[in-house]
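Chemist: Generate the whole structure from the sequences, applying the supplied hints.
As they're listed, the protein sequences go chains A and B.
So the first sequence is residues 24 to 141, counted in our numbering.
So the second sequence is residues 19 to 135, counted in our numbering.
These aren't lab readings, by the way, just hints derived from the structure by calculation.
Ideal placement from N, C-alpha and C gives every residue a C-beta, glycine not left out.
You can take every hint at face value.
Distance condition first, Cα-Cα at most 20 Å in a straight line; then the derived EDC-like pairs of lysine to aspartate or glutamate: (1) B/134 x B/33; (2) B/78 x B/33; (3) B/127 x A/108; (4) B/95 x B/34; (5) A/64 x B/26; (6) A/67 x B/60; (7) B/74 x A/129; (8) B/78 x A/129; (9) B/134 x B/34; (10) B/130 x B/81; (11) A/67 x B/26; (12) A/74 x A/53; (13) A/64 x B/60; (14) A/67 x A/91; (15) A/67 x B/20; (16) B/70 x A/129; (17) B/130 x B/33; (18) A/64 x B/20; (19) A/67 x A/129.
Partial chain A-side listing against chain B, Cβ under 10 Å, derived: (20) 26; (21) 27; (22) 56; (23) 58; (24) 64; (25) 65; (26) 78; (27) 81; (28) 130.
Each chain, letter by letter, is given below.
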Amino acid sequence: EAGVTQFPSHSVIEKGQTVTLRCDPISGHDNLYWYRRVMGKEIKFLLHFVKESKQDESGMPNNRFLAERTGGTYSTLKVQPAELEDSGVYFCASSPRGASSSGGYEQYFGPGTRLTVT
Amino acid sequence: GDSVTQMEGPVTLSEEAFLTINCTYTATGYPSLFWYVQYPGEGLQLLLKATKADDKGSNKGFEATYRKETTSFHLEKGSVQVSDSAVYFCALRIMMNYGGSQGNLIFGKGTKLSVKP
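Modeler: Written as structure tokens, this is what we have:
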């Protein structure tokens, strides 16, 4: 079974440009999460999809970030226009839908996209 | 708000040394607790978890016990190997009202471990 994949693995852009990150979750996983780790800091939650619906987007930093998940499969995260403080590693994770008695299902993470804004 | 505090590294140990990485948390609900590991060039992998007080999670020789009285979930391993070199993240997740515990994870800053032969 293929794991969570993310593309690109690394992106270097200039301030003011636009970048789109892509995440392909594990097939059949309804839950999809985006997280971000700014250098030296904790990994922070950005948003959570259940299928194509945004369940929780409380972690999105501002309206320069737009996430979509058309058809409930892959997801994109667009940053427009990018700022220097957007640099970091963006992780995507997925998990099956439904509760389990053991505290919920494991979230499976992708390798991350390292975004550098210069 | 809910948060996780873990000891900051880097931590450098010799092979076969004992490892402890401290993790404490603050939570308003009833969290599940996790340790994730990120090996060089890879994504985060779940190392172990505990879902209620006094539970002990274990995997690959690593252990952590959910201590509600001290709000801690310290990671330990009796004898580390070079292959354990990685970044370790402590995390919690609060039980959500919708569909069970499918909420987001709250992470600590990560601890980089280097094990020398």
